[in-house]
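J.: For the protein sequence lines, the chains are A and B, in the order given. Numbering-wise, the UniProt record's numbering puts 37 at position 37 of the first sequence, and it's gapless, one number per residue. Numbering-wise, the UniProt record's numbering puts 36 at position 36 of the second sequence, and it's gapless, one number per residue.
These are computed hints drawn from the structure, not numbers from a lab. Misleading hints may appear alongside valid ones.
Copies of the same chain look alike in the list, so a pair counts if it fits in one copy or across any two.
Derived pair list, reagent style DSBU-like, types lysine-lysine, alpha-carbon separation capped at 35 Å [stated by the list, open to error]:
| no. | residue 1 | residue 2 |
| --- | --- | --- |
| 1 | Lys133 | Lys60 |
| 2 | Lys133 | Lys9 |
| 3 | Lys41 | Lys255 |
| 4 | Lys254 | Lys191 |
| 5 | Lys103 | Lys303 |
| 6 | Lys60 | Lys303 |
| 7 | Lys9 | Lys254 |
| 8 | Lys198 | Lys251 |
| 9 | Lys9 | Lys60 |
| 10 | Lys41 | Lys254 |
| 11 | Lys103 | Lys41 |
| 12 | Lys103 | Lys60 |
| 13 | Lys41 | Lys191 |
| 14 | Lys103 | Lys9 |
| 15 | Lys255 | Lys181 |
| 16 | Lys251 | Lys41 |
| 17 | Lys41 | Lys133 |
| 18 | Lys251 | Lys324 |
There are 2 protein chains.
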Amino acid sequence: MATIRDVAKHAGVSVATVSRMINGTGYVHEDTRRNIETAIKELQYTPNEVARSLYKKKSKLTGLLLPDITNPFFPELARGVEDEMQENDYRIIFGNSDEDRDKEQDYIQTFVQNNVVGVIASTNSPDTDTYRKLAIPVVFLDRTADDSPSVYSDGREGGRIAAREMIARGSRRVTVMQGPKHVRPAQDRFKGAVEMLKEQGIDYNVVQTSSFSFTDAGTWAEQLFRQYPDTDGVIASNDIVAAAVLHEALKLGKKVPEEVQIIGYDDVPLSGILNPALTTIRQPAYDMGRAAARLLIAFIENKPIEQSTLQMPVTFTERDTTRKAEQ
Amino acid sequence: MATIRDVAKHAGVSVATVSRMINGTGYVHEDTRRNIETAIKELQYTPNEVARSLYKKKSKLTGLLLPDITNPFFPELARGVEDEMQENDYRIIFGNSDEDRDKEQDYIQTFVQNNVVGVIASTNSPDTDTYRKLAIPVVFLDRTADDSPSVYSDGREGGRIAAREMIARGSRRVTVMQGPKHVRPAQDRFKGAVEMLKEQGIDYNVVQTSSFSFTDAGTWAEQLFRQYPDTDGVIASNDIVAAAVLHEALKLGKKVPEEVQIIGYDDVPLSGILNPALTTIRQPAYDMGRAAARLLIAFIENKPIEQSTLQMPVTFTERDTTRKAEQ
C-alpha cells in the first residue's frame, strides 16, 4: 500500500506539504495541489485516518453501547443509529454491556482510548463519573438522565395505555409482569400500568422477572399460570415475555383472547407474525436510533440544537391477543 | 486530560522514556519505572491508543461486516464475535452491508483507514479485490471462499436434511422456498433440498423470494398458498419466512402439521415460542461467531492454526410444525 512518503516523492514535494493538503491545515499552491492529487490517484493512496486523527485531534469513530444485541428490540435501535451514522460518514465501535457496570466502564474507556468523537449509550447508570467525566458528547438512548441529552420513549404512558386498553376490553383479574428491577424503562412501564390499574380499581397481581432472555421467559410464563391460574389479562414486560406467555397459555388450552388477553411491549418485528398476532405497545426503535445519532452528530459538529431531550411517542398496536373494546 | 508530556514532566524523564515503558519497546530502569507509574497514577493518565497504534503499527480494533443486524440470525452471530473479541481485549467497528457491493467496499475501506488489525465479513463477494488486496487477516463468516479462512455451516446438508425429514413425515406435494439468488448460503440449502426431493422422486414446486425481511415474508406466504393451495409441506428459506408461512396457513384454516408441515432454517430464538413451535434446521450461530473471532485473533497474533476453514454441523430440530416420522 502507498504511504504519504510515496505520494510526496511521486509529486516532488515534502511530506509536510502533502499532509497540509490532506488535512486542510495550511496553504498549498494550486499547481502543487494538482500534482499531489495526481500522485494520490496514480498510487491509489488512502490517507491513514489514524494519522489524520492525531493532526486533527479527532476521528470519525463513535461508540455505541447497548445492553444486548440479541434482545430483538436492540437490533432495530442499532440499525437506526448505524444508518444515520453511515450516511454522515461516521463509523461505530460497538459493544454489549449486559447491564454490567464493569463491562460498561471498560467499553467507555476503550472507546475514549480509540479517540471516538462521541458516544451513544443505553445505560442504567447515566449519572456516574463514567459519563460525567467524558470530554466528548454523549447521548443516552432508550434511557433518560437529568439534563443530559437523551432519546427515549414515554414508558410510563406506555404502561398506562396497556392497562387502560386491557380494562376497556374487559379483563378484571390482571397480572402485570414486572421487568428487571435495574432496567429503568422496564420500571417506568410497570409503574404506569400499576398506576392505571389502581386508578380504575382493578384487581391485579405482579410476577417479578429478572431478564428479557428467551430461555428465562418460558419459565416465568409457566410460573405465572401456576400462581394465578384464573388471570384473565397479562401485561407483559416486553414482547419476548408476551410471546412466551402466549405460548404457555395455548399449551394449557386457554383461549386467547377469549379467556386471557395479552399485551406486549416494544412491537419487535416478530410480534406481527405470532399466532394469534400480538397486541402490543409500540416504541419507534429504529426512529429512536436515528434521532440519537442525529443529535450526537449535531453536538460533534457544533450545529444548532433545538432540543437535546427527545421523548418519542408510544402507540397502542391492536392485533389479535386482545378482544374488541367495549363501547 | 493528562498527556504523555505531562507524565514525563511530572516524573522528570523524557517523553521517549515514558513511551518506551508504556509500549514495552526498550529498557527502563526500575526506579524510573516507579516514578513514571506514580506520575501516571497521580495524573490519571490513559495512554492514547491511537498514538500507541502508530508506535506499535497496530491497534486493537477489528472490523465486522454483516448483511443486516435486524435479520434475527445475525445478532447471535455478532454476539458470538463480540464476546470472543471482548474477552481478548479487541474492539469491533461494526457495519451493515445490506448485501450492497458499494456499501461493503466503503466499509472495508474505512475499516482499513481506521487501522483495524483484522476483518470478519459475511459477504457474497469474497473473491474480489476488496478482500484480496487487504494486507490484514480476513475471516469470512457464514460464507465460504476458495482457500480463504472461513467459518460456515453445511448449507447443502441442511437442505438435504430438511427435505429428507419432510418426506419421512409423509409430505408428497412439497413447496421449496428459494432464498435470495445472490445470497450463497440460501442457495446452498435450496440446492440440497431440491437434490434430495429429486433423489426420492417427490413432486415439488418452487417459490422464489428476494429478501429475508419480515414485511416481504408475509407477501410470499400469501403467494405460496395462492399458487399451490394443495401443498402439504413447505421448506422455508429461513425461520422468518417459515413463521410467515405458518401464520398464513393458520389464517387460511389449514391444520399444522396435520395438513401442512413446515420446516424453517436457522433456529433463531423466536422459533421455539411460535405456536405451534417451529421445526427447523439449526445453525450454531453464536458458536460460529465465536469461532470466527478466535480464528481471526490467531491470525493477528501469529498463533499456530490447525484449520483455517471450519464447517460447523447443522442439526434437525424437531418441534411441532412437523408430524412424527413414519417407521
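J.: Compare the structure with each hint and give your call.
T.: Hints and how they fare:
1. Within a single copy, Lys133 and Lys60 get their C-alpha atoms as close as 21 Å, and across copies as close as 24 Å, so both meet the 35 Å cut-off.
2. Proximity of Lys133 to Lys9 under the C-alpha cut-off of 35 Å is restricted to the inter-copy arrangement: shortest distance 23 Å between copies versus 44 Å within a copy.
3. In this assembly of identical chains, Lys41 and Lys255 lie within 35 Å of each other by CA distance neither inside one copy nor across copies; the values are 69 Å within and 64 Å between.
4. Within a single copy, Lys254 and Lys191 get their C-alpha atoms as close as 28 Å, which meets the 35 Å cut-off; across copies the closest is 41 Å, which misses it.
5. In this homomeric assembly, Lys103 and Lys303 come within 35 Å of each other (Cα to Cα) both inside a single copy, at 32 Å, and across copies, at 27 Å.
6. For a Cα distance limit of 35 Å, the shortest separation of Lys60 from Lys303 qualifies both inside one copy, at 16 Å, and across copies, at 32 Å.
7. In this homomeric assembly, Lys9 and Lys254 never come within 35 Å of each other (Cα to Cα): the closest approach is 79 Å inside a single copy and 74 Å across copies.
8. In this assembly of identical chains, Lys198 and Lys251 lie within 35 Å of each other by CA distance solely inside one copy; the values are 31 Å within and 37 Å between copies.
9. For the identical chains of this complex, Lys9 and Lys60 are neighbours both inside a copy (28 Å) and across copies (31 Å), given an alpha-carbon limit of 35 Å.
10. For the homomeric pair Lys41 and Lys254, neither the shortest alpha-carbon distance inside one copy (70 Å) nor that between copies (63 Å) is at most 35 Å.
11. In this assembly of identical chains, the alpha carbons of Lys103 and Lys41 lie at most 35 Å apart only when taken from different copies (21 Å versus 43 Å within one copy).
12. Taking the shortest Cα distances, Lys103 and Lys60 sit within 35 Å of each other both inside one copy (24 Å) and across copies (17 Å).
13. Taking the closest pair of Cα atoms, Lys41 and Lys191 never come within 35 Å of each other, the shortest separation being 61 Å inside a single copy and 44 Å across copies.
14. In this homomeric assembly, Lys103 and Lys9 come within 35 Å of each other (Cα to Cα) only across copies, at 32 Å, whereas the closest approach inside a single copy is 46 Å.
15. Taking the shortest alpha-carbon separations for Lys255 and Lys181, only the intra-copy value of 31 Å comes in at or below 35 Å, while the best inter-copy value is 41 Å.
16. For the identical chains of this complex, Lys251 and Lys41 are neighbours neither inside a copy (66 Å) nor across copies (59 Å), given an alpha-carbon limit of 35 Å.
17. Taking identical chains as interchangeable, the C-alpha atoms of Lys41 and Lys133 lie at most 35 Å apart only when they sit on different chains, with a minimum of 17 Å there against 43 Å within one chain.
18. When the C-alpha separation of Lys251 and Lys324 is checked against a cutoff of 35 Å, the pair qualifies both within a copy, at 24 Å, and between copies, at 19 Å.
Consistency note: the structure conflicts with the earlier hints numbered 3, 7, 10, 13 and 16.
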